[in-house]
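**Student:** As a plain string of letters, each chain reads:
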Amino acid sequence: MGLATVFGSGGGTSSYEDFHNTDLILLVGSNAAEAHPIIFHHIMKGVHRGAELVVVDPRKTLTTRRAHDHLQIQIGSDIALANAMAHVIIRDGLWHRDFVARATSGFDAYAASVADWAPERASGITGIVAERIESLAYRYATAKRAIIGWTLGITEHHNAVDNVFGLINLALLTGHVGRPGSGLSPLRGQNNVQGGGDMGALPDRLPGFQSVRDPEVRAKFEAAWGAPLASEPGLNQTQMFDAMQEGHLKGLYVIGENPIDSEANGHHTRSLFENLDALVVQDIFMTATAEMADVVFPARVSFAESDGTYTNSERRVQRVKAARQGPGQSQDDVWIVTALARAMGVPWEFKGAASVFDEMRHLAPNFRGMTYERLEKLHGMQWPVPSEDHPGSPVLHTRLWEKQVNPKAPFTSVDWQPPVETPTAEYPFMLTTGRRLAFYNTGVQSNGYDHPHNIGEWMEIHPHDAEMLGVADGDTVAVISRRGRVEVPAYYSLNVYRGAVFMSFHFPDHVETNLLSIDATDPKSGTAEFKATAVRIETRQ
Amino acid sequence: MAVNTGMPLTERVAAVVADLPKDRSQLLPTLWRLADHFGCLSPSLLAAVSEVMHIPYAEIYGVASFYALLPWDPGQPVIVRVCTDVMCSLKNSSELPTVLKDHEGVVVKESPCLGQCDLGPAALVGSRVVRNATPGNLAAEIGEMRHG
Amino acid sequence: MGNRITLTIDGQSVSVAEGTTVHAACEQVDTFVPTLCWHENLSPANACRACVVEVKGSRTLVASCSRVAEEGMVIETSTPRVANARRVVAELLTSTTDYSTAPELLDLIEMSSADTRRFAGGASWEQPVKDDNNLYIRDLSKCILCYRCVEACGDDAQNTFAITVAGRGFDSRIDAGFGRTLPESDCVFCGNCVAVCPTGALMEKTEWTLRSENKWDDNQITTTETICSYCGVGCQLSLHVLDNQIVKVSSPMDHPVTHGMLCVKGRYGYQFVQVEDHMPV
Amino acid sequence: MGEVRRLLPQADRRSVAVSWDRVVERGFDKAYQRVLDMGSEAAIAEVTASGIMGRGGAAFPTGRKWDSVRSSPGTAKYVVMNADESELGTFKDRALLEQDPMGPLIGLLIAAHCVGARQAYCYIRGEYREVETALSQSIDILRKKGWVGGETVDVEVRRGAGAYIAGEETALFNSIEGKRPEPRVKPPFPTVKGLFGAPTLIQNVETLANIAVLFAHDVAWFRQYGTPATPGTKLVAISGHVNRPGVFEVPFGVPLQEIIDADDLAGGIAGTGHLQAVLLGGAAGTFLSSAEVAEVPLDYGPLAKHGASIGSGAVMVFDDSVDLAWVVTKLAHFFADESCGQCVPCRIGTRRVLEILRDGNTWQRESDLRELGLAMRDASICGLGQTAPMALLSMLDRPYLRRVEMKGDEHGE
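Chains as they are written, first to last, in numbering that gives the first Met the number 0: chain Z, 0 to 540; chain B, 0 to 147; chain A, 0 to 280; chain V, 0 to 412.
Hints are computed from structural coordinates only; laboratory data are not their basis.
There's no promise every hint is true.
PhoX-like mimics (lysine-lysine), calculated; alpha carbons at most 25 Å apart, straight line [claimed, not checked]: (1) Z:Lys44 to V:Lys185; (2) V:Lys29 to V:Lys143; (3) B:Lys21 to V:Lys304; (4) V:Lys192 to B:Lys21; (5) Z:Lys44 to V:Lys192; (6) A:Lys55 to V:Lys304; (7) Z:Lys59 to B:Lys90; (8) Z:Lys44 to V:Lys143; (9) A:Lys129 to A:Lys55; (10) A:Lys55 to V:Lys185; (11) Z:Lys44 to B:Lys100; (12) A:Lys55 to V:Lys192.
Extracted from the complex, chain Z is given alone in its bound form (with noise of 0.2 Å):
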């Protein structure tokens, strides 16, 4: 979201192979070794060729052991500390000035922005002292190539794009994107997510990220489907969510989601679902969202049963081939939309994945070069491919570098907001959630094997916390939210500060960790803010 208003399109600037030749790589609310471990590989190759690791994140991680410098921050504070990064780097000069009046616009306005924070202010805000953070923004503006990448814990609050301008400020500042090397990349957390976004699965966006808004896009759709098109954006989960509460949505097809368990409110999740008319659930379980629906469809792995494509958080195309037979009447989820359409009257043929693909990189020119053949000899390829001769683009918008840029990538001021929730005498605790390296989400693909370390769910919390709730290592314990109570094992760890504790959600069937969450919502992004609730712990009587 933050990319694509900036840059023109939603996608990591920078290829994993850029990890290798840099200077300074800044994770901030990031866990790769844990949640993205082959990317922390690349990481990890870069920091053996001399690369500075810098995370920032409010826990100790598998990640910060190898960092070589951790900044502990305080949850839901990263604006603050972006906010004092650019005030430092602007009051020393230490700014590319060449970059920002050539390929920027809006810098003044963005300077003003800036000038209350400093280092100090911030640091009473993050809890990182105003040298390290002074120090941490000598070291980015400096080093010669630098890359920032983020994940959830930047893009699960209710401020979620404001925090991405934010980091997306700093590279602006500094020209560390569009050349090698130097760039801006989200790390996403699942599989497909950018697959969607290129797809135009989102509610303003048709495949390509070209504007549902832009009418001549709308025309070469309209002529090509045969069938008029909507020329405003449609709604987004957020809003879906609030139509279905005000009853103007009624009905609710989903395919491959289990909301029930992976939304956050869950008490409140479910009540809307209950009064739907209609809900048709398409998936490979029967999920305890599909166990609410009216029709369930039942599906095929996409990765192991079905033919594709899947894109990566660093713009690959990848092929994807079914190795096996589906069960029973399982059809791929390709088959199953068709024969909906046809049920209901439109006469679609059964084509295969590989025509859908067809179609769509002739309409949009980011992805027009990429054939099924190309894709499979060079092990995916990177958009922008705009032709069948074109290698790919492992760098995005190297026409910053150019001498004339047009459009300039605008500054985006963004100011801090505490997290909607902020511990009181009533919920003394913040509660953030992320992954477990060994479990996925909401567990439905995890919890097939048996790992080792499978002991179910619970939860992080700091010795002197818990020695002074009286909290034995191990106990299990009430955690109690606005929203909802859990019972979940407390255990002790040095991974969390004092005040904040730690759960993840992949073990949904025994500790419900997002009836707790709160469901306030970024209103650009639409994601839940899963990364701040505030929390009452209780001991069992």
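For chain Z, the structure is supplied; the task is to place chains B, A and V on it using the hints.
**Tutor:** Chains B, A and V only, in chain Z's frame:
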């Protein structure tokens, strides 16, 4: 999952090596310091070193298990290393371990050449070199070690 | 593309890019030099010494896998000294190790005419299989101490450092620290050690079980390349399928995202695909 | 010619070994000042002119090594004193450090100054704890004089922990770096990429002591002793069946027989009174028969003709009552225990050699032992594996040293 170090031990270790830099090159001096302080090394001590120095536990073990002199025997016994290499063997040093094994609280080990070939048989009692070793002077040295 | 240098291999003049190893130079002229511990994606360990060649002017033989070619170097790959060294290396390894599932070692035995019984009968590596988790086993009777697993676990890929070479000399061994089981150790079960093991000392539990039941049949296994369905990294998977069941997952060593390495979910988290009762259909 | 006193001071010294007085008495203060005055380049030229070669065993020209480190690119450089003396039958560095620790230390400071190193290490064998203490005290004395620390060079003493292989220069670097002391592959050589990946000068204790006495005098003085090809003196450690075992300083070129027989040196054969053989150079050395001993001088060239080298300066003397196969078995035991385990020929080879010898099959399996030994010599990574079979091969090459086959266990193996 890593060995549970328990905070107290980690903190104790941190205190014992407080003056040593925490970089990897100080690993062996750190192990020596801890061996001297605690009498011997142990798995939980190595786990504490891992925490304090940010070196993976297995790596520390890989290094520590290489060296023959680092002590692992708990109960603070006196370790006697008798050279049974060529030159000391010619002077019948290989008989000494048999004589010494009756001493309580003494662990006798055979050692490669101790570099005392002109004054063999040689032995190390703790870290003290005994030249022209006999059951008698070894026993005296062991006694001194225990009481002094 | 940098400078080029010229060297002589078995009397033949060869031009290679500066920085090329002697072994890679030999490959360029189709001169086969055997390797055991060397792996394309790992730092050379220099441990097995199967790849030694004679370099004119050098007192000892030279490990070709790590030695960088120099201008004017004169290399012989099959002198009597080289042949003796290779043969003895094969004989020493086979005297300690169960080499039944080690293809490169079997090749080395054949090409060097090694007598696998010549040094047998002494101390060996025979020991019980370590079966302490349901993802992979460790059969250290088959270990040749090539260091590959340690490097893959360490700074060449995973950076977990859960295992190390411990002890020394003949008693050197791969260890997670005081002989701990893997679940007790820092191991995160990515299985990258398994992926690079050349001897079958490390093996997926599924493969090991099927082999012990005589059900593993390479000719019946199909391999399909696809992409992992977990996080957004986009790792290429090779799904090995036997009787419509995924029995193993690996990744191609030349893939630009993975370089053959995966995480625990990608390598082992596939069981959900074939839980046949996952949906009442 | 007999004993010389250069590195080992006369017994009638007034000063104690660990003292500033000793530095002055030995002229080392003037030596150090002379180097500072003449500048690094001239000093290295003087080292080169002196013809000093490394005394650790490899006999590499010292001046050339210094030049190489000095000219290697890099801001951080290191010098290391290798005092990890653990070679079987070798104890000359221990004697030197006990009797005159200031000499090697001054040599170290001079070396650091000449190659441009700000950090030096003394790596000392773990068993030599008393020597370590003396060395640390000596460094403290030099620190108080401002010769160590501050703007000059800092010196850190590192104590080993019982690993012979840590005396191999690259293994020693790994040990200092906190890694397993496994040798590294060469090239790159330490002069280019050594400790912490930086250009490093590593020298034996005795070599550094020679540096100190050289600059306390001059090249002409230094070259008074020894041969034109091999100037100077050598410390030899004599043990076994001689009347006066100990460490002696002798000029290069002196006949081996004289070292054994001279009254002020080893004082003649003890035991049965009949010399059977000498094992020259330590565990990795070469057997010389009594006939060979009678004809060779202590010099690299002539010894090479017999396949031998001075090595660490160990001279182990055996009378004719000793079964050399037993000695070789002992050596095999040593190498099997001390192999780091990194490469196949050494890790498994040292064990197989030991097994064959211990089973008393030395002569029946002569060809297996030869081929195994040659593979170890040719294909091992480092000097340990490469030289581990040397004594065995030298015995196999000297049929007249064969005795009636005896089982190792008859000797209490």
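**Student:** Determine which of the earlier numbered hints do not hold for this structure and return their numbers in increasing order.
**Tutor:** 3, 7, 8, 9 and 11
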